[in-house]
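Colleague: Please build the complex by placing chain H on the supplied structure of chain S, with the hints as guidance.
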Amino acid sequence: MTAVWTIVDYGFREAVRRKMFAVVIVLTIAFLFLFWLANHYVFRDLSTISPPADVHVDTRTFAGAFLVGLSMFATLFLGVVLAVFLTLGTVTGDAERGLLQPLVARPIGRSTLLIARFLGAGGVCIAYVLAVYFAGVLITGLTGHWYPDQIVWPGLELAGGVLVVIALSLLGSVVLSSTANGIAIFMLFGAGLVAGLLGSIGHALNSHTIKHASTIASWALPFEALYQDGLRMITEHASGLTGFLLQLGPFGGAYVHGWPIRLWALVYTLGIGAVALVSFARKNL
Amino acid sequence: MPAAVVVRGLAKRYGAVGALRGIDLEVGEGELVGLLGPNGAGKSTLVKIAVGLVRPTAGEVHVAGSRAGSREARAALGYLAEMFRFPGWYTADEVLELHQRLAGSRGGEAERNRLLDLVALTQSGDRRVDGMSKGMQQRLGVAQSLVGEPRVLMLDEPTSALDPVGRRTVRLLLEELRGRGVSVLLNSHLLSEIELVCDRVAILLGGELVAVGSPHELSQARGVELETDAGTTRVAGATREDAPRLVAAAVAAGREVYGVRVLTSTLEDVYLEAVGGETS
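Going line by line, the protein sequences match chains S and H. Quick note: the first sequence, position 197, residue 386 per our numbering, numbers continuous. Quick note: the second sequence, position 235, residue 249 per our numbering, numbers continuous.
Next up, chain S with everything else stripped away, as it sits in the complex (with noise of 0.2 Å):
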């Protein structure tokens, strides 16, 4: 266990010395503080918007939703960046520039290495898309009096994307050089962002099919997943023409896939996790 909180040491002072995390911390005030903004004149102009009469929408609930839906859009994308930026260059960056070898000549193992960097980001990344959700939770409770109906589960399923994430791009570092491995995770967050817009559309046009495609994106890629599930319990409540509109979600649909999506990303982390542990056990560096 020294050898592994030694290197979570190194992971975290890096980051630190690094000043990731001062930049983390001002973008992301600069990004509660625009929240807020919008928040602010969403609900002040709220009296203002009056849906036509047949049409039966409780625009508290659905701005509420929606801006909460945004910030975690936001807090997923920002804890991607964090634990992109931290885990990126872990195996081959890193040896490319002769930082791994002297480490890993020591008597630690790699796998210790790589669990350690794993629970290093990890940690710093759950700590964080917690802090931003929640934060994001309060401006939206405390300006416009709305509070999602399931406040803790959505934050825990965040966290979880992010750590699939982390473990995708420790994969990534075992194989390919930081830039390649930068680039690949990103295209593979843009692509759980497109099957979740893809959902959108099919559930929009009631179709069978462009829904099942989505549905097999997003559990190829589980941190998708397990946004949207996050996305359906801030309004599992929620009935109706309301329901439906928010269904429709920001950034991909809202979609039912509870226990099974939780599950699933347990062992999609587990298995990715693996499989680096045994690449990097084989690479020559």
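It is worth saying that the hints were derived from the structure and are not from the lab. Ideal Cβ positions, reconstructed from N, Cα and C, are used throughout, including at glycine. Hints are not guaranteed to be accurate.
As the list claims (entries may be wrong) - Pulled a few chain S residues facing chain H out of the computed Cβ check, cut under 8 Å:
1. G287
2. Q290
3. L292
Modeller: Coordinates of chain H only, in the frame set by chain S:
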């Protein structure tokens, strides 16, 4: 002398390229062995396999009795990579502390201070790596390799960035380590250094071992040079033992002898002969 490093039938291929082609080599306890060879001869690959950074295609390496790359083997060795870097945001003391924790060393501050002192970085413990010259970083690398008092030391070009004073510091350090029974496999391009400190020299060419022996064994007699009033003559094939007879013969022939010099090949001659002018 029991072997600290045993290399048997070691081969490594990178795709179609054969980096090592059946190497057999031993480094005894307390022995200092130098690896020589042109670029691409396989020296670094050999060291990396011994450290566990590269997997061999065939053959095996044992370090301190354990399979190379195993936890036991890595616990017994110290390693300085050819292309290494320490995090620029760490101080020299923090680098050593990190490696103490990874190596499980309980030497604490006393060990760190002693190591910094050994490589003439006594006053630089709290200096950040990114503020150090390349030579200072390389000396810190040597200190790092000594964390935990390893029984076997693998040094890949440890003096490539050092000035003459830094090289002398490392050379004296290596001699001291040998005195303490530490086995060293030293990979270097600097023939003079290898000649000065190494007990034995192994010359690699194209992934094959082409010569092994002590610098003295490898150096061959190249004749005796006699300087007389008739000029300088060179007697090819003559050895040190022939010198008195040659002088006596010259005097008997009425020559005035001003000097006599026994000619032997230097390690550089041996090396150039072995590699046949190969540079890469």
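Colleague: Next step is simple, just say for each hint if it's right about the structure.
Modeller: Going through the hints against the structure:
1. Interface restraint check: S/G287 against chain H, minimum CB-CB distance 4 Å, threshold 8 Å, status holds.
2. The criterion of a C-beta within 8 Å of any C-beta in chain H is met by S/Q290, whose closest approach is roughly 4 Å, and the hint holds.
3. Using the Cβ-Cβ criterion of 8 Å, the hint placing S/L292 at the interface with chain H is satisfied: the shortest such distance is roughly 7 Å.
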